[in-house]
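Chain U is already provided as a structure; the job is to place chains V, R and W on it using the hints.
Protein chains: 4
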Amino acid sequence: METIKAAVLEKTNGTIDVKIREFPEPVLEPGSVLLKTLYSEVCGTDVHLLLGQLAGVPYPIIPGHINVGIIEKLNGALFDIEGNAFRVGDVVTFLDVHETCHTCWHCLVAKASTRCPQRKVYGVTYSAHEGLLGGWSQKIYLKPGVKIIKLPPGLSPEDFIAGGCGAPTALHAVERAGIKLNDFVVIQGSGPVGLNAAIFALLSGAGGVAVVDPAPKRLEASRAIGVDYTVDAASPGDRIAEIRRLTNQRGADVTIEASGNPLSVVEGLQMTRDNGIYVIVGQYTDAGDVTINPHLHINKKHLDIRGVWGIDYSHIYKSVHLMAKHSNRFQWRKMISKTYPLEEVEAALEAVKLLQVVKAVIAPTGLPEPMNGY
Amino acid sequence: METIKAAVLEKTNGTIDVKIREFPEPVLEPGSVLLKTLYSEVCGTDVHLLLGQLAGVPYPIIPGHINVGIIEKLNGALFDIEGNAFRVGDVVTFLDVHETCHTCWHCLVAKASTRCPQRKVYGVTYSAHEGLLGGWSQKIYLKPGVKIIKLPPGLSPEDFIAGGCGAPTALHAVERAGIKLNDFVVIQGSGPVGLNAAIFALLSGAGGVAVVDPAPKRLEASRAIGVDYTVDAASPGDRIAEIRRLTNQRGADVTIEASGNPLSVVEGLQMTRDNGIYVIVGQYTDAGDVTINPHLHINKKHLDIRGVWGIDYSHIYKSVHLMAKHSNRFQWRKMISKTYPLEEVEAALEAVKLLQVVKAVIAPTGLPEPMNGY
Amino acid sequence: METIKAAVLEKTNGTIDVKIREFPEPVLEPGSVLLKTLYSEVCGTDVHLLLGQLAGVPYPIIPGHINVGIIEKLNGALFDIEGNAFRVGDVVTFLDVHETCHTCWHCLVAKASTRCPQRKVYGVTYSAHEGLLGGWSQKIYLKPGVKIIKLPPGLSPEDFIAGGCGAPTALHAVERAGIKLNDFVVIQGSGPVGLNAAIFALLSGAGGVAVVDPAPKRLEASRAIGVDYTVDAASPGDRIAEIRRLTNQRGADVTIEASGNPLSVVEGLQMTRDNGIYVIVGQYTDAGDVTINPHLHINKKHLDIRGVWGIDYSHIYKSVHLMAKHSNRFQWRKMISKTYPLEEVEAALEAVKLLQVVKAVIAPTGLPEPMNGY
Amino acid sequence: METIKAAVLEKTNGTIDVKIREFPEPVLEPGSVLLKTLYSEVCGTDVHLLLGQLAGVPYPIIPGHINVGIIEKLNGALFDIEGNAFRVGDVVTFLDVHETCHTCWHCLVAKASTRCPQRKVYGVTYSAHEGLLGGWSQKIYLKPGVKIIKLPPGLSPEDFIAGGCGAPTALHAVERAGIKLNDFVVIQGSGPVGLNAAIFALLSGAGGVAVVDPAPKRLEASRAIGVDYTVDAASPGDRIAEIRRLTNQRGADVTIEASGNPLSVVEGLQMTRDNGIYVIVGQYTDAGDVTINPHLHINKKHLDIRGVWGIDYSHIYKSVHLMAKHSNRFQWRKMISKTYPLEEVEAALEAVKLLQVVKAVIAPTGLPEPMNGY
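Residue numbers (this note's numbering), protein chains in the order written: chain U, 2 to 375; chain V, 2 to 375; chain R, 2 to 375; chain W, 2 to 375.
Pulled out of the complex, with its shape left as it was, chain U reads as follows (with noise of 0.2 Å):
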């Protein structure tokens, strides 16, 4: 029996490193299925899981919560949504997000499940011990009950992983935000969850999409997806003073918050609009305070602040089909600036923790052609 090859991220006297660890071939209890993985992703917080920074994650685990793959394997009859099968040789990906428990007070009562206790979450709060449950692997083994969705038509998987968790996450903002025909929406950072936020805005009917971020070069992905306007002023005032300049001097009626600086925060409800909507997707992780003024930033503007967390599987479903929809348009696959094999993935998260590229992926099983990024 083969093994199979996996990016661990390893805790030794308080020192996390990755080593790539083999691993023996699962045995597929009734209802999981075997992934061969075709890509998976690097996102910020796998950067995260490197440095420590999040709580309670239990090391050595495999990271990568996003991916696509080829069922290899599967143990009984097993459904979509839709009542279609599953069978070997689909292209699929999966919701990360497992185990929610629809019993608890968030689930059942506040109907607020991407605030149940009891998730888990693949590449993140899963041990490596517990099995192949992330994507930095050959194989990825989905437990029974895991949420799979093929790709739909004209869902290339490098589109798909182009969009990683900031397609979805970004589509969970979007529709918190509640854009109307013809809003102003400004998004503050062009990341992956920016760059799809500010596409799902234009998917909205948004009457004007201006994507902000200090660093010129960085919005470059921003024009290729054809946002109406790109502000890299330096300095906050001189941002603030454009989307006003932009906006009648008004603001705009929806900001979101993608670049995960806290100090964006004070800036952005200072670009929104009296009665416009603020919403906070991009601070997943405590990267510090921010002072506001609750008079100036939000009493006296009848502000709407709205916090953004997780995912459930209705973002992960449209997120699919609307990529699927729309993927002449915006080809996510040029927003990957580069793919690595398994055993470079430091430098992956190298890269992605300087912000040289905009989308690096992971391919636990082979190059795929080279293809031109941004």
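Hints were generated in silico from the structure; no laboratory data involved. Hints are all accurate, no fakes.
When chains are identical, the list treats them as one kind, so a pair holds in a single copy or across two.
The calculated lysine-lysine pairs, modelled on DSBU-like cross-linking and capped at a C-alpha distance of 35 Å, are: (1) Lys-339 x Lys-74; (2) Lys-181 x Lys-144; (3) Lys-181 x Lys-326; (4) Lys-37 x Lys-326; (5) Lys-6 x Lys-121; (6) Lys-12 x Lys-37; (7) Lys-181 x Lys-151; (8) Lys-112 x Lys-144; (9) Lys-144 x Lys-335; (10) Lys-112 x Lys-326; (11) Lys-335 x Lys-37; (12) Lys-74 x Lys-12; (13) Lys-181 x Lys-218; (14) Lys-151 x Lys-121; (15) Lys-12 x Lys-144; (16) Lys-339 x Lys-20.
Relative to the frame of chain U, chains V, R and W by itself:
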């Protein structure tokens, strides 16, 4: 022709003082009304006016934005919103906000009329040179188009003025909060806005209402109106812990900030459950900044934060009708700590500034019989 | 081993009859519970079951979908939603809906779990061959995963069963209605759903609640719970005119149809104001068609119409807690017209069919002391 | 002083006829504007006006409620909502609705301004005796306060008038529908409202848009604007089956009724999924009744039905800006089947009545160059 006395805030060499001035009786243009003032109120805004903390105030001004009086004269046939004619002798109040334009972007596109830049406010944005446009005066001139409401049966002038501007402001906050049946609601601050917010939360079918105020004796009025819990722990951490204890460690479904203290914001965010709603209505003047953590307090909590600015006609209309219906249950008049004659407005302002009173009321045309307040 | 008596609806040659049958005591699988039944109810659905008017019912069945009982046995450690352990002797109810799948399109994408095709309902969709899965039985078997709620302090079994399925159903309808403070609310029909809808409308801070029923004496219970108006005019036109008279000719802000008569729909549409909300919760079985005018009744009125199907856990959870908090005010137990022993369920069904009772209750393990109902 | 020609609907002995009448040029009161008319439109409402099917119309009238023209004169300094001055020579349109009162219960409490009883509509509720207050005239008099919008860059008069009243009406319907990203949307009817609803559904990020019309050739324009599916089956059952086939047997997330046929309502309810949304915007005149089943079509489906009446300023403002942004993609001007001179309005009315045209346009001051329409 008799003269009319009013208390005026005058600014001389940068100093703002209260003076009693006399004014001639105004000539009524068509569509206008002259009220004999029964009561005006002293609210926190009036203290800010005295201290010069609001921008753009056209001193000298006659303060007093929420008022109740008797129609003494009216020029022309005037009708309320239900089509009933106003007559001399009617006891009425009116919306302090006037001249909302219905032609600007905020009025017409955003439908955010409380952010209309044309709006004027009796007792705040009109100069005394423009007429008797504030309630600290024996008579009030209601310009054509001012929206007048006759007090409904069951609502005494004393109950109405005890609610004061706090009642419609709190109603607006509670509407923004979207309280649902059985929600657990926390109110931060037990001043006039906080007390009325507690009342409207009770009327909304909250499962529990807790009022938080670090001053134990200020919570007496909250207990009198029948809130479920009062929390007076001295430290923020203890207050947060107490709210968590009352909510099975989840935090409140809805928290309403009505204290005016910027530090309350970071405390209130932590009192609110994941995916809960945090309404900021107490920060009507710039009382300074606060430091928050966007990750811990908003993003990870999947929180909604909603600022509330101003009131429109619907808020005072609904507030007046709800007060009439429930005046026996809540007995607003008992919130009046003291009623002052016009000559003692300085003492009233001082009492409000020092938080010595729940509600201070001005009676410009004579004191009523003594009442027993809290 | 003692046997357990239950009333069973059996279908023989197309005829459905009530029979008292004996069952062996079940063996408890892990995670299951055995209740000693205190009360079950007879609701309109049970009449439809007797008359064979529901499709797909697997006769023979043990009816009784909303129930209250005492935990007699439980297999394993079981906890409620707040993490409290259940113990023998606890007085509990449970959500009749079971096996909602959390894996289908309706559960995961539409988030419309009451339309999940996998859901089963105690007392309706389980056959008596499958076990003691209905409340007209001395004992009820709660399968693993059934969502159990301990009656909170202040809520007696009698109050709870008097609310019956009407309470959570009405709560769902009132949530759908989105009643706001001071809304004028009309309830069509004064049966169990209508009465509970009136109660929850009062608790929501409605400015006025009117219950409409053409049978004058059926409105007695509405008056007892304190609704503002009862309307018993004999003709639809007169009832519409009366509602318009009460609302300054505008119609109600919110109307809730809880009569079960299709003709009520065209009447209720006309009782509702322009841009108002019309909720249809009473049409749980196909009682026929109704003719409406899309222009006059919907398009020109800019109306919202909202159907309400089923309940989920949140509705019974909130309903139980609200009943506990307000049981002194509304005294649900007085709605019980008569309590029947198991042997008299036919008489109970007949009384419900003929609208002779407000609420008919079954006490399978012995009648309690007499109570004074309406 | 030259005279101005207009087409007038006159009522003589109960018969309504079109006459060409001459009017003197009006004297401009302060704040008013005189437009030279470029285009007016003929919409379904105009056919109803000719047939006398609307109540309370003050014949004789000059029809034409949505219009575009050139400012020929203006009395005073006039500004648009953004603060830009209007000048002679500007190409503008205006909101046909005027005199919304902002003082009635519907305006102030319900905030349902389209149901304000004071509102007047150019081309519908003004008599020709009151002036040039309709667009089938060489000049149009814009009373003080009429809300004027300059056509934004990119929007030609031909594109604008091709959208006509259908565009803002459809925008309102789509706003009411609350279309979310990836929703499957069905439009019933392929007339001007239906086509524009399809466009705004596409712009809202619908996952699929299907237009249903039993006349195959009427669907050509729908295909030209790029809808995903057209359905022309001859029977209601077949059309319902086709929508179900396209949606995995669930039905549409959102269905918009824009056909004007009452029977479409019962068909559309069945095309919509459980817990879906059904918007009725096509029933602007009383075309008769329809029979529905409240249980099957509303209650059991947990459906939302939303009527849509009229437009306010926000709808035409957003519609104009969206048309300007997307005029290359949707090429509204191609919907103009024929442009008629003033003398041929009867032929235009006949063509609209017989559904022979997608869009009939009136050019009162001279025909433009021929254009190729659908």
